[in-house]
Amino acid sequence: MDSNNDLEALKTRLLADLDACEAASGAGLDDLKAKYLGKKGEIYGLMRGMGALPADQRPVFGAAVNVLRDLAEERLAALEAGAAEAAILEKLSASTLDATLPGTRAEMGHLHPLTLVRDDTIDFFRGMGFELAEAREVDHDFYNFEALNIPPDHPARDMHDTFYVDENVVMRTHTSNTQAHYLVEHEPGPVRILAPGCVYRVDNDASHAPMFQQVECLVVDENITFAHLKGTMLLWAEHVFGKGTRLRIRPSYFPFTEPSAEVDVSCSLCGGSGCRLCKNSGWIEVGGCGSVDPAVFEKVGWDPEKYTGFAFGFGIDRIALLKYGIPNIGLLTRNEVRFLRQF
Amino acid sequence: MLISLNWLKRYVDLTESAEDISYALTALGFEVESLENRGAGLDGVVVGEVKTCAKHPEADKLSVCTVFDGVETVPVVCGAPNVAAGQKVLFARVGAVLPARNGNEEFKIKKAKLRGQDSFGMICAEDELGLGESHDGILVLGADAVPGTALADVPGLADTLFEISVTPNRPDALGHLGVARELAARFDRPLRAPASHLQAALAESGTKAADLVSLTVEDAAGCPRYTGRVITGVRVGPSPDWLVHLLKSAGKKSINNVVDLTNFALLEWGQPSHAFDLDALAGKTVVVRKARSGEKLKTLDGVERALEPADFVIADAAAPQVLAGVMGGEASGVSAATKNIFLEVAYFDPRAVRAQARRHGLSSDSSYRFERGVDPLATARVSDYLAALIAAVCGGTVAPGRVEFTAPSHPAAPREVSLRPARASRVLGVPLDADRIEGLLAGLEVKALRREPVEVGGVDYPAIRFAIPGFRGDLEREVDLIEEVARRLDYNTLPAVLPLFPLKPVELPPGEAQARAIRATLRDLGLNEALSLRFTSRKALAALNLAEGDPRHRDFVPLLNPLSEEWELLPTTPLPALLQALERNQNTQEQDVRLFEIGRAFHKRPRTDARDSGVREEPVLGIALMGEWKESSWSGQKQSVDFPRLKGVVENLLERLRIEVEWAPGSSAGFLHPVESADLKTASGELAGVLGTLHPKTQAAYGLKLPVVVAEIYPEVLLRAPRRELKFKPFASHSGSTRDVNVVVAESVRHADILDSLPAKVENLVESRLNSVYRGKGVPEGHKALHYTFTYRHAERTLTDDEVNGAHETVRAALLKNPDIQIK
Ligand SMILES: [Zn+2]
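Protein sequence lines correspond, in order, to chains X and V. Using this note's numbering, the final residue of the first sequence is 343, and nothing's skipped along the way. Using this note's numbering, the final residue of the second sequence is 1824, and nothing's skipped along the way.
I should point out that these hints are in silico values taken from the structure, not numbers from a laboratory. Don't take each hint at face value.
As the list claims (entries may be wrong) - Listed next, the in silico SDA-like pairs over lysine to any residue satisfying Cα-Cα at most 25 Å (straight line):
#, chain 1, residue 1, chain 2, residue 2
1, X, Lys279, V, Ser1034
2, V, Lys1681, V, Asp1490
3, X, Lys299, V, Arg1420
4, X, Lys299, V, Ser1418
5, X, Lys243, V, Lys1539
6, V, Lys1604, X, Arg58
7, V, Lys1539, X, Thr333
None of the values given here were measured: they were computed from a predicted structure.
Required output: the full structure, derived from the provided sequences and hints.
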């Protein structure tokens, strides 16, 4: 039968063309598609020629053409997919980008290291219910000294090299003036405050700056003990210097606390065995503390029999120097970007 | 205070290592700042005897000696001027290693030849051995030193020294006895009284003191207690070795035996005393009185001081001889010729001494102790002790009795203080009973007298009555004793407990919250936070080029005692410090410097009450940008900082703070370019800030070479301004249509003028955006081309082309109506 011969011949040609196209990586794929599967293509040509067949042969012939068409579609689709894949691969491999180039970054800004420590301290104590209290940096002698049980001409004033604005007005020498303001300005009751800020001393060398920052904590209630002071300070020390930090508390003298103490923490670098950071002592001095002296309550009109409390203070600069390994306090206020960009 | 271990051992047996004693001192509240083992490691250094000594034949300043070191006699060349035959010296044998000092490395003694003479060892000066600072010559020992004795075995030479810091409340620890008492209590050991060292008890004979000298105390307030003793026939001369060594350890030079003994008593008891040459006192009279105007006194430091009527002095019949409690005078001091001594031991009022020490800018070992308070009950005891000691060491006879004065107000017996054990437990947070407390305080010589209730606020509490020893003037109140209990327990043994509090939310104060937002925003915009010392100078303010009447150089706050002229006053603006910081960065070749700082401005203002500071303080935000703003890390894209850049930063900041301001172009601030600048005003018209290009004069005055723009913003004003609420606004689902317009205008026509040409409302016009400003080809000289995009949109539907064109025609017509504007 002619038609069946045509079908076989077509199939042979089709397969040959497909193989050739495949071998040529899909070149001429579109032409091939038009040639066989187009509206005017050869497979449709066979279909159209089917009318010339006897009616009983048509279903068989039609089915055979359909098989051939499916074969063509399937092979062509596969060739098409392969060609598309190849085209993408070619495009990708054509890129000359050097992925070792640095990223295109914006110049980021940086907060001052003392701000980092200050905010961290505020957040730590705020999390425990301490309110932020702020007081003046220029203050009357009364709040900086007298209310804190440091009368004029007292040798304890030798511990404070004070900048004077006039006879009665000073640059505050510690954040403890906040205590005095807070107690004077509030009715007796529970107190939990935190006072960070700049303080001033007439001092300027490698380890002392005339302005530095302190944080002071004050807790007052009816049954606050020295043990509470130790517990609270230990939490803070662990927060700053890591779990397992130990405290050493040794007697000292501040006229506004009694008992008064200096606080050392175990050296975070050597763990207490001694190194350069801790000058081989194993301990690093971080601040002063004590139970509120009853004389302070008396000065501000609170009942010293009813209320007890504790206060402790430490230098933010000192913590920052320790934490970030900054060798010289002077770097903190020179404002060189090669320093500031590191934080 | 320098504490010698040898000295401490006179009063308490200490077998602990230096480190353990150091730890104990620190735990007791006497922080050990340094520890020195003097004479340690000097194995090859022994006592030597100089057998012969002759001039070096070829060198004037050298001597050739022979030294017997206990084993052999060797030749030694010595350069010291004081070397002589017969001396006992410290001799470093060949092989000995001398310590490093003055930056020199340690030094090993070798056989040497000096100008042709053999030298097998070295005769040492004290500084060469690290025994002291003196390099006046070789150290000459007492005649009884035995050649060959190792340095460590020569009594008093090797020592351990603790530099302790003594807080102002503990004058008792300004003497070795006080420190020994603390250690004895801590180690639970007996304390030996100083008198036990006296060879003989006080022996008095001859004429009574009162017949040899007369005493009048006129100033009982300054001098509530005074004792004088007379010792006749003393032989002033060199001190014995034990005294020299102890004083040397404590950092004191030996002067003569009498002066050394007064210094010895000072460093033992913490009690100053003064020895007068009795025969130099006019009228054999001692008067404690106020100084008279016009009187002068040449003190022992060689300074002639004009006295003031506020000063109080020890005078003879003619003139002041001592600035009381501070320093003696040259005229009546003990000299080699002195035969008879008047010995003063007194209690001077701490405030009075402090006041006159400060008045004369003179702090002495005496004034330091009197200011802090010496033992008011020990005056006579020390007087007797020291008189006996002087007689024992210097010879002479102690005249019977004392001349003395006691003010009626002066305490005669120990102070008594009550302590409630329950209160101690409540303050320290640890249970304590009466027996325990009594036991702890007994070690400090605080004696329990009896148990008797004490009344506080109308309630009787069980309590213990304690007698406070005179040397503990700091123990005045119950809480002072509670501290002693805690100290005896050791603070480190007290428990650590967390307090319990009711829950309470804590917000940041508005100013603090705002400061955080400002810092975070500016950081995110690429700026670095600066922190400057809050000091400035008139010169730095003047360099800003401020206008007459500018508040920045009005009512500023000068310091009475500034560190330097550069830091003579408190800042009224953060800008000088920021500009100085820019200059520092310029010096390190930084090309892109972006700083901001929330500084503080200080201004004088009237006092609001008696305890007001009279100073207004407010935060001021300063921003300073310099050089070329790099757009990215490495692409090379960068642009000189300019007004729009700075304005953008400030706009971004205000956007984050949700505050709207009015921009008034052309700021009057003198440090800003008059055109490239603006003032910021809040809705209520308050000045919220100024910003702009730095004025060329200011730029030059601060030595800045790269372009600089600065801003000064007032956070407190912004805090008062209304903040835009965060509220959702519905947005159109249609994209809208855009039309572009290029306008050409003269340079003098501003962007704001162009927008002002548009009608207040154009139908469906939702945005007028400036895309670019162009000058150059195609634009006439003195003109600029501005490219705008106008967006038209309806909230609910897509506009037809006709509608868009109609609206845009309104815009174009309005622009064209302005004769200054051409549309291209
Ligand atoms: Zn360490």
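- What hints, given by number in increasing order, does this structure fail? Hints 2, 5 and 6 contradicted; others consistent.
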